[in-house]
Amino acid sequence: DIQMTQSPSSLSASVGDRVTITCRASQGIRSYLNWYQQKPGKAPKLLIYAASSSESGVPSRFSGSGSGTDFTLTISSLQPEDFATYYCQQSYSTPMFGHGTKVEIK
Amino acid sequence: QVQLVQSGAEVKKPGASVKVSCKASGYTFSNYGISWVRQAPGQGLEWMGWITAYNGNTEYAQKFQGRLTMTTDTSTSTAYMELRSLRSDDTAVYYCARDISVTTPNWFDPWGQGTLVTVSS
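Residue numbers (our numbering), protein chains in the order written: chain F, 613 to 718; chain G, 8 to 128.
With the rest of the complex left out, here is chain F (with noise of 0.2 Å):
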């Protein structure tokens, strides 16, 4: 199986921060690497498939980037409602999550 690692697995953030996680496959996944938001007691949302396309609706401060091994999501200006636990996933093969990051208020 891949395997996907993210990093940080929690981070301290202010409002109007620039955030990036990473997330990085044991092997090349080419571009075959989604990302999803998860809130406290909620399920979780797309928020980028196929590496770098955003879901519809998602806010533009949201943008990944990456292939191969390594990937990136980017929050360009934090706001109160991103504070939640991101997960990134692959859909090369077996499907698999990363272990998640959490991002809280500083």
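Note that these hints are calculated values from the structure, not bench results. Just so it is clear, CB atoms sit at the ideal spot from N, CA and C, and this is done for glycine as well. Some hints could be false.
Claimed, not checked - One-sided and incomplete, this derived list gives chain G residues near chain F with beta-carbon spacing under 8 Å:
1) LEU52
2) TRP54
3) TRP118
4) GLY121
Unchecked claim - Here are the simulated lysine-lysine pairs, DSSO-like style, with alpha carbons at most 30 Å apart:
5) F:LYS718 to F:LYS657
6) G:LYS70 to G:LYS19
7) F:LYS651 to F:LYS718
8) F:LYS654 to G:LYS26
9) G:LYS19 to G:LYS30
10) F:LYS654 to G:LYS30
11) F:LYS654 to G:LYS19
12) F:LYS718 to F:LYS654
13) G:LYS20 to F:LYS718
14) F:LYS714 to F:LYS651
15) G:LYS70 to G:LYS20
16) F:LYS654 to G:LYS20
17) G:LYS70 to F:LYS714
18) F:LYS657 to G:LYS30
19) G:LYS30 to G:LYS70
20) F:LYS651 to G:LYS26
21) F:LYS654 to F:LYS714
22) F:LYS657 to F:LYS714
23) G:LYS20 to G:LYS30
24) G:LYS70 to F:LYS651
25) G:LYS30 to F:LYS718
26) G:LYS30 to F:LYS651
27) F:LYS657 to G:LYS26
28) G:LYS26 to F:LYS718
29) F:LYS718 to G:LYS70
30) G:LYS26 to G:LYS70
Chain F is already provided as a structure; the job is to place chain G on it using the hints.
Same frame as chain F, but now just chain G:
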């Protein structure tokens, strides 16, 4: 709007089975797949398997092979996930999610509200 509505919470004893339903609306059910993902308390997301409503093909994660069955009923646009031989570490919230692909698992959107399954003696 596209919506997935899951059945209610379940409490089961070790060794029992659970069957969770996921009713889809707002889209053509047979044009997409359904993936099932679970989340143990305080833990991350774990993909369990996928079924295509197009022809019933399935793909299961290796760790669930032999005790997991996914089915669909296209007449009611409902997907089902049955997990057998339950253990305490199967206690989790189980989610269904619409999968963009009918040929292989891909990305998941939207998700159902989740069903808490508690396994306890």
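Okay, the hints, checked on the actual structure:
1. LEU52: 4 Å, holds
2. TRP54: 4 Å, holds
3. TRP118: Holds - the Cβ of TRP118 (chain G) comes within 8 Å of chain F, reaching about 4 Å at its closest.
4. GLY121: Because about 6 Å separates GLY121 (chain G) from the closest Cβ in chain F, which is inside the 8 Å limit, the hint holds.
5. F:LYS718 to F:LYS657: Cα-Cα ~24 Å, so holds.
6. G:LYS70 to G:LYS19: 20 Å, holds
7. F:LYS651 to F:LYS718: 17 Å, holds
8. F:LYS654 to G:LYS26: 21 Å, holds
9. G:LYS19 to G:LYS30: 22 Å, holds
10. F:LYS654 to G:LYS30: 18 Å, holds
11. F:LYS654 to G:LYS19: 23 Å, holds
12. F:LYS718 to F:LYS654: 22 Å, holds
13. G:LYS20 to F:LYS718: 43 Å, violated
14. F:LYS714 to F:LYS651: 10 Å, holds
15. G:LYS70 to G:LYS20: Distance of about 20 Å is within 30 Å: holds.
16. F:LYS654 to G:LYS20: Holds, at roughly 26 Å.
17. G:LYS70 to F:LYS714: 27 Å, holds
18. F:LYS657 to G:LYS30: 18 Å, holds
19. G:LYS30 to G:LYS70: Roughly 26 Å between the alpha carbons, so the hint for LYS30 (chain G) and LYS70 (chain G) holds.
20. F:LYS651 to G:LYS26: Since the Cα atoms of LYS651 (chain F) and LYS26 (chain G) sit roughly 26 Å apart, the hinted pair holds (cutoff 30 Å).
21. F:LYS654 to F:LYS714: The given pair, whose Cα atoms are some 14 Å apart, holds under the 30 Å limit.
22. F:LYS657 to F:LYS714: Within the cut-off at roughly 15 Å; holds.
23. G:LYS20 to G:LYS30: 26 Å, holds
24. G:LYS70 to F:LYS651: 27 Å, holds
25. G:LYS30 to F:LYS718: 40 Å, violated
26. G:LYS30 to F:LYS651: 23 Å, holds
27. F:LYS657 to G:LYS26: Satisfied, since the Cα-Cα distance of roughly 24 Å is no more than 30 Å.
28. G:LYS26 to F:LYS718: Given pair LYS26 (chain G), LYS718 (chain F) is violated - Cα atoms ~42 Å apart, limit 30 Å.
29. F:LYS718 to G:LYS70: The given pair, whose Cα atoms are some 39 Å apart, is violated under the 30 Å limit.
30. G:LYS26 to G:LYS70: 18 Å, holds
Going through the hint list in order, the structure does not satisfy hints 13, 25, 28 and 29.
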